[in-house]
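Novice: Sequence:
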Amino acid sequence: MAGPKYGGEYLHRVVRQKLGEIRLHETLTNVVIPTFDIKSMQPIIFSSYQLKKPPCLNARLSDISISTSAAPTYLPGHHFKNQDSEGNVHEFNLIDGGVSANNPTLVALNQVTKQVINEDPDFFLIKPMDYGRFLIISLGTGTAKNEQKFNAKMAAKWGLLDWLTQGGSTPLIDVFSQSSADLVDFHLATVTQALHSQDNYLRIQDDSLTGAVSSVDDISTKANLEKLSRTGEELLKKPVSRANLETGLFEPVQNGGTNEDALKKFAKILSQERRLREMRSPHGANAVKTARPDSLSI
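In terms of full-length UniProt numbering, the sequence shown opens at residue 1 and continues consecutively.
Note that these hints are calculated values from the structure, not bench results. Please note: incorrect hints may appear among the correct ones.
Once the Cα atoms are required to be at most 27 Å apart in a straight line, the calculated DSSO-like pairs of lysine-lysine come out as [stated by the list, open to error]: (1) K127 to K265; (2) K39 to K5; (3) K238 to K5; (4) K39 to K81; (5) K149 to K53; (6) K114 to K53; (7) K145 to K127; (8) K237 to K227; (9) K264 to K237; (10) K222 to K237; (11) K18 to K81; (12) K5 to K145; (13) K18 to K222; (14) K149 to K238; (15) K114 to K52; (16) K81 to K52; (17) K149 to K227; (18) K53 to K39; (19) K227 to K5.
Across the chosen pairs, the derived CB separations fall in these ranges [said to hold, decoys possible]: (20) D130 to Y10: 42 to 48 Å; (21) A155 to T29: 42 to 48 Å; (22) G257 to Q42: 37 to 43 Å; (23) R274 to V31: 17 to 23 Å; (24) K157 to D130: 30 to 36 Å; (25) R16 to K157: 44 to 50 Å.
All C-beta atoms, glycine included, are put in the ideal place defined by N, C-alpha and C.
Build out the structure end to end from the sequences listed, making use of the hints.
Specialist: Encoded structure:
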């Protein structure tokens with residue numbers, strides 16, 4: 001109960017070896033990475049779109065990666081300082097962004113909307129709330145929701161420690177993280193259906209995980225990694241599903257095809273958009289390096 005379950009030294013060393021001194025502005029594509037500053041008690045969003053204001057967010061990717069993976073009770077929070085282009089030093093005290101944005105889809109949409117409002121030329125044909133122009137791919141990490149491990153009768157007897165640890169789970173954290181993730185999905189399902197663009201929103205999630213496959217703990221064994229790989233492959237073959245706005249349940253879409261079919265369709269649309277932009281650009285093929293489709297994939 002005292003201290004995080006894992007020290008994080010090995011993870012930190014590997015992340016720093018892999019990413020070195022690479023900073024946020026050097027990513028090959030635009031990224032939006034949520035974290036939470038436990039000192040200022042507010043979310044900190046590291047976004048490719050926000051590097052000019054404020055410049056202090058142009059941190060090393062290693063520090064950002066360590067921060068956004070620092071899940072409470074499992075890994076320690078991450079403290080670092082970053083000097084901006086004007087010589088000012090900024091301090092960060094960060095933990096896992098999942099505590100504020102366990103489903104970061106709305107965070108990404110918010111960043112794109114800001115660019116539209118600021119009249120970014122990459123989005124000049126889009127209105128701020130024109131979600132029908134976006135292609136949104138939201139990938140979940142899986143849950144054990146279908147196990148239905150707990151009920152009100154059990155929870156009625158729980159005290160503080162019981163809510164923090166129960167049957168290998170942390171019910172309090174699970175409740176907050178799962179509810180916030182589902183609310184984002186419900187919101188986007190509602191908005192896209194209202195705009196008759198529900199086919200532009202693809203949520204891929206597996207709520208039927210069990211045992212070690214669904215656990216944050218002890219998942220690095222070869223056998224379990226192979227199970228996770230198989231789970232991902234099987235998920236591709238499952239039908240496209242969508243939140244039922246009446247019940248809130250995730251249900252297969254009639255004649256919606258499989259997740260694999262939907263991903264291929266999205267890829268085709270994006271490829272066509274890229275070719276059109278290349279043809280329209282006065283710079284021809286060179287424009288591909290900077291062109292961004294008027295769509296958002298997460």
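Novice: Could you check the structure against the hints above and give me the numbers of any it violates, in ascending order?
Specialist: 3, 5, 7, 24
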